[in-house]
Amino acid sequence: MNSPLKPNAEEKRLAALRKLEVIDTQPEAEFDALARAAALVCGTPVSLISLIDRDRQWFKANVGLEGLVETERRLSFCTHAIEGEGLLEVGDARKDERFAANPFVTGNPGIRFYAGVPLKLSGGENVGSLCVIDMEARSLSDEQRQILSHLAEATARALEMRRAFLHENELLAAAAETQSILQNSEDAIVTMDMGGRITRWNRAAERMFGYAADEALGASAGIMAGDDTAAYDPYSRLRELGNARTIRTERRHRDGSAIPVSVSIGPVVSEDGDIVGATEIIRDISDILATQNELSQAEQRLRRLYQSTPAMLHALDPDGRLLSVSDRWLEVMGYCREDVLGRPLADFMPGSSARRFRTELLPALASEGYYEDVEAQMTTRSGAVIEVLLSAVIERGASGEVLRSIGIVENVTYRRQIEMALRAERRRLGQIIEGTGAGTWEWNVITGENRVNDEWAAMLGYSLEELAPVTIDAFRDRIHPDDRPLLDARIDAHFSGETDNYEAELRV
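Taking my numbering, I'd label the letters of the sequence shown as residues 1 to 508.
Calculated directly from the structure, the hints in this document are not laboratory data.
Hints are supplied without guarantee of correctness; some may be wrong.
Said to hold, decoys possible - Computed Cβ-Cβ distance ranges for the label pairs, DEER-style:
#	residue 1	residue 2	range
1	G400	P45	22 to 28 angstroms
2	A15	R248	41 to 47 angstroms
3	D214	S257	21 to 27 angstroms
4	S382	E498	45 to 51 angstroms
5	S257	S399	35 to 41 angstroms
6	P109	S286	36 to 42 angstroms
7	E360	V412	16 to 22 angstroms
We put the beta carbon where it would ideally sit given N, CA and C, even for glycine.
Using the sequences and the hints given, assemble the complete structure.
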């Protein structure tokens with residue numbers, strides 16, 4: 001495990017942390033709500049507001065790791081997060097050399113995923129982070145990353161506001177800064193009381209819904225549904241989204257047009273810990289849905305092309321199970337698609353080919369990323385065994401992980417049958433010719449290969465070894481000079497298509 005270096009300007013950072021007067025204080029509802037909102041938005045079981053002291057990290061808020069108050073700094077993921085300026089995201093801690101040996105990864109609670117945004121104070125000091133943690137490897141969406149960053153900004157401001165409440169002379173400046181963040185957010189931020197009346201309406205909400213702030217404040221939150229008289233119960237909304245990730249739904253513009261949005265909701269909590277309202281973070285996802293629709297249509301076109309191709313294609317998961325097959329694959333093998341998907345490809349091979357696939361080809365995919373023209377056999381539904389050539393290549397994800405392999409099966413059964421028939425016919429003709437005692441000479445005009453038999457060599461008084469190598473020029477040189485024009489004419493006529501075969505009486 002690599003121990004992170006301490007951030008630059010460490011003493012200045014620690015001084016700013018001390019000035020907040022927050023270390024070792026009791027839990028507070030506002031920070032617990034921010035942590036819950038982060039977990040809600042990112043869909044993780046754990047969210048922490050972590051403050052990095054000289055030798056420890058201490059949790060101001062803890063969702064999901066109840067009872068854990070602090071850890072050693074050297075084991076802290078957040079120590080790495082505060083060294084940067086933006087989000088630190090670790091998709092799978094087991095594959096990251098900084099964290100692979102961390103006891104919190106190798107042991108309890110078994111951390112796999114981490115995403116943390118520094119808590120940057122107004123003076124530029126990173127005093128800690130707002131982070132989310134999962135025990136499964138994963139990644140955040142772009143909108144989750146942005147909302148987590150907004151929540152981290154809100155948390156940093158809340159820390160400064162907390163101190164401002166303790167020190168009255170700093171209150172107005174901190175409040176103005178927080179208001180600026182809310183007003184300049186790209187997401188609509190709407191707060192309502194428990195009666196469903198709007199108490200906060202930022203500029204993004206004005207742009208999204210078409211109501212100015214002075215029109216929206218005090219109105220029913222139902223205006224976001226196109227009806228300012230509609231009842232809106234924050235309690236129900238909090239219960240509805242309490243254990244959900246960010247949901248997708250529709251809201252209404254003032255002109256009645258539908259707006260596809262993603263919505264996250266969190267409680268507004270009083271100093272006494274009572275829920276006094278709710279805040280929604282609303283994002284217009286029209287562009288995202290349009291892009292997803294285009295991608296979906298492209299994927300459908302690709303799927304239709306894949307399934308209808310005349311080639312035998314299949315896709316396998318990393319364990320060799322069939323994820324998809326082309327129509328031609330099913331036609332040749334005699335199966336329906338539902339009969340084969342999810343089954344190992346080796347199930348459709350006789351014993352020796354199945355063993356080779358499992359012990360050689362799957363490891364070759366993992367190590368080399370492909371295999372090509374490997375001879376094998378497959379068994380059709382009727383029990384017929386066909387001869388095939390197998391080729392495949394690995395498809396990897398953005399992080400290099402193996403997603404699937406795409407393979408092609410070439411049915412060479414007919415080719416093999418023709419080759420066997422030709423070999424058998426060659427043997428039969430050879431036996432007939434040898435039985436007649438005739439000398440033979442064979443010229444492959446494509447490869448240039450020449451062969452003669454023992455009788456041909458013996459007629460000239462040679463052994464086969466003495467005549468090697470036999471070439472067309474060597475053969476022609478043994479023809480009597482007066483007979484060579486006749487031979488050339490007969491050969492030229494044959495290759496020009498004038499004769500199907502030729503016969504010539506020559507002196508050798």
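*Whether the CB-CB distance between D214 and S257 falls inside 21 to 27 angstroms*: holds, 22 angstroms
*Is it true that the C-beta distance of S382 to E498 lies inside 45 to 51 angstroms, as the hint says?*
With Cβ atoms ~49 angstroms apart, the hint holds.
*Can you let me know if the beta-carbon spacing of P109 and S286 is within 36 to 42 angstroms?*
holds, 39 angstroms
*With respect to the beta-carbon atoms only, verify the hint that G400 and P45 lie 22 to 28 angstroms apart.*
holds, 26 angstroms
*So the hint says 16 to 22 angstroms: do the beta-carbon atoms of E360 and V412 match that?*
Because 19 angstroms falls inside the window, the suggested range holds.
*Kindly confirm whether 41 to 47 angstroms is satisfied by the beta carbon distance between A15 and R248.*
holds, 44 angstroms
*Is the gap between the beta carbons of S257 and S399 within 35 to 41 angstroms?*
Given about 39 angstroms between the Cβ atoms, the range holds.
In summary, the structure agrees with every hint in the numbered list given earlier.
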